[in-house]
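Visitor: Those protein sequence lines, which keep their order, are chains E and R.
Per the UniProt record's numbering: the first sequence = residues 1 to 299.
Per the UniProt record's numbering: the second sequence = residues 1 to 187.
Since the hints were derived computationally from the structure, they do not count as laboratory data.
Don't take every hint at face value.
[As the list claims (entries may be wrong)] Here are the simulated lysine to aspartate or glutamate pairs, EDC-like style, with alpha carbons at most 16 Å apart:
{"no.": "1", "chain 1": "E", "residue 1": "195", "chain 2": "E", "residue 2": "162"}
{"no.": "2", "chain 1": "E", "residue 1": "220", "chain 2": "E", "residue 2": "192"}
{"no.": "3", "chain 1": "E", "residue 1": "269", "chain 2": "E", "residue 2": "279"}
{"no.": "4", "chain 1": "R", "residue 1": "138", "chain 2": "E", "residue 2": "176"}
{"no.": "5", "chain 1": "E", "residue 1": "219", "chain 2": "E", "residue 2": "279"}
{"no.": "6", "chain 1": "E", "residue 1": "35", "chain 2": "R", "residue 2": "76"}
{"no.": "7", "chain 1": "R", "residue 1": "138", "chain 2": "E", "residue 2": "76"}
{"no.": "8", "chain 1": "R", "residue 1": "73", "chain 2": "R", "residue 2": "9"}
{"no.": "9", "chain 1": "E", "residue 1": "273", "chain 2": "E", "residue 2": "222"}
{"no.": "10", "chain 1": "E", "residue 1": "21", "chain 2": "E", "residue 2": "200"}
{"no.": "11", "chain 1": "E", "residue 1": "195", "chain 2": "E", "residue 2": "222"}
{"no.": "12", "chain 1": "R", "residue 1": "138", "chain 2": "E", "residue 2": "192"}
{"no.": "13", "chain 1": "E", "residue 1": "65", "chain 2": "E", "residue 2": "34"}
{"no.": "14", "chain 1": "E", "residue 1": "139", "chain 2": "R", "residue 2": "126"}
{"no.": "15", "chain 1": "E", "residue 1": "139", "chain 2": "R", "residue 2": "9"}
{"no.": "16", "chain 1": "R", "residue 1": "73", "chain 2": "R", "residue 2": "12"}
{"no.": "17", "chain 1": "E", "residue 1": "65", "chain 2": "E", "residue 2": "80"}
{"no.": "18", "chain 1": "E", "residue 1": "219", "chain 2": "E", "residue 2": "194"}
{"no.": "19", "chain 1": "E", "residue 1": "219", "chain 2": "E", "residue 2": "176"}
{"no.": "20", "chain 1": "E", "residue 1": "220", "chain 2": "E", "residue 2": "191"}
{"no.": "21", "chain 1": "E", "residue 1": "29", "chain 2": "E", "residue 2": "60"}
{"no.": "22", "chain 1": "E", "residue 1": "151", "chain 2": "R", "residue 2": "111"}
{"no.": "23", "chain 1": "E", "residue 1": "198", "chain 2": "E", "residue 2": "153"}
{"no.": "24", "chain 1": "E", "residue 1": "86", "chain 2": "R", "residue 2": "157"}
{"no.": "25", "chain 1": "E", "residue 1": "139", "chain 2": "E", "residue 2": "194"}
{"no.": "26", "chain 1": "E", "residue 1": "65", "chain 2": "R", "residue 2": "126"}
{"no.": "27", "chain 1": "R", "residue 1": "73", "chain 2": "R", "residue 2": "22"}
{"no.": "28", "chain 1": "E", "residue 1": "269", "chain 2": "E", "residue 2": "222"}
{"no.": "29", "chain 1": "R", "residue 1": "138", "chain 2": "E", "residue 2": "109"}
{"no.": "30", "chain 1": "E", "residue 1": "7", "chain 2": "E", "residue 2": "176"}
[As the list claims (entries may be wrong)] Coverage of chain E stretches by chain R, computed from C-beta distances (three or more under 8 Å per stretch; other residues unrestricted):
{"no.": "31", "stretch": "152-158"}
{"no.": "32", "stretch": "169-179"}
Glycine included, C-beta positions come from ideal geometry on N, C-alpha and C.
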Amino acid sequence: GKAAQPKPAFTDEAVQTLLYKMTGLDLHKVFRPEKKGLKPPHYKLMTEAQLEEATRKAIEEAKTKLIMPPVLNEREPIDDVLAEDKVLEGTETAKYVFTDLSYSIPHRERFIVVREPNGVLRKATWEERDRMIQIFFPKEGRRVVPPTLFKDENLGTVFQQDRHEDVLNMCIAQFEPDSPDYIRVHHRTYEDIEKHGKYDLLRSTRHFGGMVWYLLSRKKTDGLLIDMINRDLLDDATSLITLYHMLHPECQSAKEAKEQKLQGVDLIKVFVKTESQREGYIQLALQAYEEAMATSSAS
Amino acid sequence: SPYQDRPWEYLESEEYRATYGDRPVWHGYRRNHKGSVPPQSPRKACLRRGRPVGNPCPICRDRNLLVDFRNVKLLDQFICPHSGVIFHPIHTGICMKQHRRLSQAIAQAQDHGLLWLQVPFVPVPEEDFSNQHAAVGKTPPAPALRGPGRAWYPWYEWQQPPAAEVARMRRLYRGFLKEDYPDTPPS
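Let the hints inform the model, and build the full structure from the sequences given.
Guide: Here it is as structure tokens:
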């Protein structure tokens, strides 16, 4: 057949710009006050120029805070045996873990091996590696034993309190981006948000891009589209549909959009007719939006 | 106590409402002491050798108030709503034993996700995630491990010693060897 274009990855420039545009930049949410020790308030007297300078600096800092965490596939388990010394069988009763503690090597290049009581010398598994590295080189916010709230039964209680952003931040602090626990917690969170329609919880945070990518790969974009139209974010809706077409170029609406070079509301209408499951709701939302636009332009 | 298994139900009951109203459990409690300055260290325990002291602390005086990681409403009353720290036991008036149990219960509740916890912002790690390095990637197994019959060191299996050594041993112990002692052991 014909040579298909390579599938766009999460790290592509075009994809990242679109996701960043969709995330939004609400400074009041990014720099919301956190619970720390109490101090008396601090006032500053500024001119207009100084205020603009301060806002510009705040936007720069917010951009660093909104860098999206990487979306990777699950890592391959390590099960390489380096040596088998049957002479040592029966001499010890416990496993020995040998960790290379040189300070200046990256953690992913650190050699960690385990000598089992039956004499086998093997490379440590990923869980053993993470545990050893956390014991000898503790990282802030990470615990040796992960908190119990990452288990499936406890995640439900946290989601009921609407603390999805906190869960995702704790997950980034605790697990490596390619570990199965990280991916499982993220997928659970995105599923829960999509089920209850709580998309606004992650807007203006660094997790919004990841959530959009997850929904696009599984074609569950209807709820998000309705939410965007209800909040009058038409630009975000069009960029969402452009990303959908980039990810799934073989679908009906992608071909039509490419032929007719549609923009704006027409793009959304074509997408709704061909691809979406909840057509009725989206049509209603679009109608409400158009009525609101008509009344506001008339008045 | 009737609320042993479900301690959170007491905080919804009429009895609790009548006793404490909307205020926290420790509101209005005062230590009894001589002089104008109250003691600057909390009491060690409210039960001395099985007997309660006079004027026990706010948790020990009510047998239905159980310190458990599941009754979040009680634990919330001992955490400052502005800064998120646990109040000092001098401020609330509880004894050291209960304060220790309360801190453990609060840590457990935060661990299970029932209680709010301040999550620090950890920036995204910038490292190479390709896992190509030998420490975490695949290494080909050693030649000795590839076949099932091959041993790791050659001397794991029996090897025929050199003929000179065998002759030397025979000459050394010639008075004690059996007549038909073989050179190779029976396998």
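Visitor: With reference to the structure, classify each hint as holding or not holding.
Guide: How the hints compare with the structure:
1. E/195 - E/162: 13 Å, holds
2. E/220 - E/192: Holds, at about 13 Å.
3. E/269 - E/279: Within the cut-off at roughly 10 Å; holds.
4. R/138 - E/176: Violated. Residue 138 of chain R to residue 176 of chain E sits at ~19 Å, over the 16 Å cutoff.
5. E/219 - E/279: 14 Å, holds
6. E/35 - R/76: Holds - the C-alpha atoms of residue 76 of chain R and residue 35 of chain E are around 15 Å apart, at most 16 Å.
7. R/138 - E/76: 9 Å, holds
8. R/73 - R/9: 10 Å, holds
9. E/273 - E/222: 12 Å, holds
10. E/21 - E/200: This hinted pair holds, its Cα atoms lying about 15 Å apart.
11. E/195 - E/222: 11 Å, holds
12. R/138 - E/192: 36 Å, violated
13. E/65 - E/34: The hint holds at about 15 Å.
14. E/139 - R/126: Holds, because 14 Å separates the two Cα atoms, which is no more than 16 Å.
15. E/139 - R/9: Not OK: residue 139 of chain E and residue 9 of chain R at ~40 Å, beyond 16 Å, violated.
16. R/73 - R/12: 10 Å, holds
17. E/65 - E/80: 39 Å, violated
18. E/219 - E/194: Judged against 16 Å, a Cα distance of about 12 Å means the pair holds.
19. E/219 - E/176: 26 Å, violated
20. E/220 - E/191: 10 Å, holds
21. E/29 - E/60: 15 Å, holds
22. E/151 - R/111: 11 Å, holds
23. E/198 - E/153: 20 Å, violated
24. E/86 - R/157: 11 Å, holds
25. E/139 - E/194: Given pair residue 139 of chain E, residue 194 of chain E is violated - Cα atoms ~32 Å apart, limit 16 Å.
26. E/65 - R/126: 14 Å, holds
27. R/73 - R/22: 12 Å, holds
28. E/269 - E/222: 13 Å, holds
29. R/138 - E/109: 13 Å, holds
30. E/7 - E/176: 25 Å, violated
31. 152-158: holds (count 4)
32. 169-179: n = 7 at 8 Å, threshold three: holds.
Hint violations for this structure: numbers 4, 12, 15, 17, 19, 23, 25 and 30, all remaining hints satisfied.
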